[in-house]
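Residue numbers (the working numbering), protein chains in the order written: chain W, 1 to 525; chain X, 526 to 885.
By construction, these hints were calculated from the structure, which means they are not laboratory data. Glycine included, C-beta positions come from ideal geometry on N, C-alpha and C. Please note that a few of the clues may not be correct.
[Claimed, not checked] Here chain W is said to cover these stretches of chain X; the calculated rule only asks that three of the stretch's residues, wherever they fall, bring their Cβ under 8 Å from a Cβ of chain W:
id : segment
1  : 569-576
2  : 601-607
3  : 634-646
4  : 779-785
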Amino acid sequence: MTARASLFDAGKLKIDETPPTLAQDLFSALRLGLIGILVMLAAAFFFSGVVGPLFALGNVEETVMDVLTRLALLALPFVAYIAAASVARRYTAADTGRALGLAFTTTIILFAAISAGHYAFSYGAFAPRPSLQMTLSQTEAGIRVESIVPGGAADIAEMQVGDVITAIRRDKVDLAAFNKRVGQSEEDAPLRLRFIRGAEEMQETVRVVVQSDKQLNAIIPGLAIALVFTAIIVFLPGHWAPYIALIGLLSPLIVGYFWVIVATFSYRTEGLVPLDSNDNFGGFTLKNWESIFAGNIAGLEFNIWPILMTSLAIALVMTFVVLLVSSMAGYALSRMHFPGRRFFLSFTLILHGFPAITLLIPIFFVLLRLGELPVIGELIGFNSIGGIALVMVAFQLPLGVWLMKGFFDNIPWDMERSALIDGASRFRTYWEILLPQIRPGLLALGIFAFIGGWNAYIIPATYSIGSGVSNLPVFLNELIDETAPVDWNQVAAVGLFQLIPIFIFFIFAQEYLLNIYAGGTKGSS
Amino acid sequence: MEIRIDNLTKKFGDVVGVEDLTLHIDDGEFVAFLGPSGCGKTTTLLTLAGIYKPTDGLIRFGERVVNTVQPKDRNIGMVFQSYALYPHMTIFQNIAYPLKLKKTPKNVQNERVRQVANVMGIGELLDRRPGQLSGGQQQRVALGRALVKEPDVLLFDEPLSNLDARLRLTMRGEIKHLQKNLGITSIYVTHDQLEAMTMADRIAVMNRGRLQAFDAPDELYDRPKTLFVAGFVGNPPMNFLNVSVSQSNGHFLAEAETIQLPLGADRGEPPARHGGAVVMGIRPEDIQIAADGDVTGEIFVVEPLGREDLIDARVGEHSFILLADTEKQHRAGESVSLKFDMTQAQFFDPQTERSLLWHH
């Protein structure tokens, strides 16, 4: 730049103002990475060294702090890489080479530092593992012993180089299965190995040793993961971050639903992988679904349709009555003055907070007595769908009334006065003018009520003891209770079957739930 | 439709909304209820609409006592400040709603709604929803909905308060024109005295639930019967001064400390007869800055209003608001001589706050 900077140079000068040198960038990236490491170490110490002992003082046996500590240590390197890569991300668009170079350099340095820490404390890649202290290779005949650590477990058991291992006890194994078996063993567990030495078949019992190899090549996978992770961070578009965080947090749910769906269509599953009878991937089947409709699961005879209808009846009656009563009561509480209004309001609030489960037994007696009434008893007494729905409605009403009152409170008085002056009766005003305006609220409450009724377990289970009345959740429990061994894939199928109406309900309700009215009155937006 | 309100009282628990209100409104008359917030004007309106039931007193529409008649049976139309359109209905359905409730045949409904919409200039908007309209358009829809059933009485509850100043001016003219054309008895609640003065045949001034005055706009302005009316009507407001009025040799003199103002007999005689301290009121336009003024003062603040300057002049402890020509270019701190047009002066009893000049 010359001293004679023109107007146009001035802008450039501003942008280029003291660009950080590579060394400065490297330094700030490393500093951030180090802060990340320290923060996570502090978190780990906080869980294990501060909160953990406090729990222990109170004689509370609990493992959460332990898990949190391990989680913090597991996340430590990644937090460090993210912190360091945030510096490199500034250059991703303008100078990709610089960004990657910077990020990889810092990652390698941080990785070295973290690995040194792991080495010192026998952690991570250097953590102690169950081992037989010999190296092996897969051959056609079996697993060949390539070398033996002198004085190690295998040496003590008098294994020799050149032995070909074929089985542990009577289970034939290949190298993968062998390593898996050893990896799952505890310290000092005896493993009886069958092997061929020369032409002779022999057996030796080797005792598992848990120790750290501290072999440097153990860190190579870690380094690969670190570099790939860094590259992803450098190139990840910033606006994806919230979604990734969300997916991460939701993953337990997603995995759960994925398992339910996979399980219903397979004979058996190992984790999330469906397996056939030979432990290979596959084994898909519709039998779980067929037996729901055939009405026979592991010898338990049933007819799914009345059960479905019971569920539906409880849910629909509940939705209808809750909406009707809540909206009317909410209207009255919002718009009318009558003696006891304040008492009623506060009392409903208390009822809402009251644990309904404590009333289970008293209500049982109430329903028994109701059942003795002529005609009405058949409808709302003990062992009737009406009785169950009545109790469920009663428990749902406090919430519903308050919710509806809130929605009515938000409608301006003028709207109602206007309708009255236009010539509408009070009921017509409520029905034609006010209800359409609180449709989102009605829908939300309706969904609450429907799902509550559909998934109800405790109340239907209690108030239909020993009768034919049972809804899907109660049936699901019977299925687990009365079949042995429990076929979980079958249970998953019934569970998913129960979910179908809820799915449908939400697909149609979504649009209404998201629909927020544009106001026709000033100031109500 | 003639409306007669006799001794109307409306209480909400112990809170008095309106007290002992008596008001007779002629057929086809346009009456404004004017007063500050919380003076009971909207309460009165809603009682007339039948939303509130009177605690005491009588309301008659024509010969019929309507105290307990439901709103829907009163055949009234009402326009609200918030418009109160129904957001889930189209403009057509909004305007047609009163007809639908009357079970008017569909084809008649259709015709009437289109007719009203065209008069209101919203004929092309019938398929829209209220949320898609501007404030002015929404107000026209509200007015259309009130008119469509051909009501005997039209009630307006501060209908123009939410509109911008320019639109307010246009709508003011339109409403007045429409009311005169249709000849529907109308009651218009407002706290804006300009609206009341320009639109109404008669204005009912209310304060704290009581009727202060009920008169034509000019009467209220020239012959205010109470101190409140004098102070509330007129903008900028009337100047008030505690004076004592004395008579000597047929000449009347209003005095307050250093200020001495000679009076004519028609204005001076009643306060002099009352004796002692009285409140004198004089409007800003009745004070002039002139060379041969009655008192000398100093200009405290000058507020340019465009057409004229609003001047706050101080004479000793007393402050006078007056209007002056902008061309004179008065400045704060300037010493001026003030001339009072005492033929326009008002006098009030400080205890009863009633006018000493105009009796009831």
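Given coverage of the segment 779-785 of chain X by chain W, tested with a Cβ cutoff of 8 Å and a minimum of 3 residues: Violated, because only 0 residues of the segment 779-785 of chain X bring their Cβ atoms closer than 8 Å to Cβ atoms of chain W.
Chain W covers the segment 601-607 of chain X, three or more CB atoms within 8 Å, holds or violated: With 6 residues closer than 8 Å to chain W, the segment 601-607 of chain X meets the three-residue bar; holds.
Given coverage of the segment 569-576 of chain X by chain W, tested with a Cβ cutoff of 8 Å and a minimum of 3 residues: With 4 residues in contact (Cβ-Cβ under 8 Å with chain W), the coverage given for the segment 569-576 of chain X holds.
Chain W over the segment 634-646 of chain X, status - at least 3 residues with CB closer than 8 Å: violated (count 0)
Figure legend: structure checked against the earlier numbered hints; hints not met, in rising order: 3, 4.
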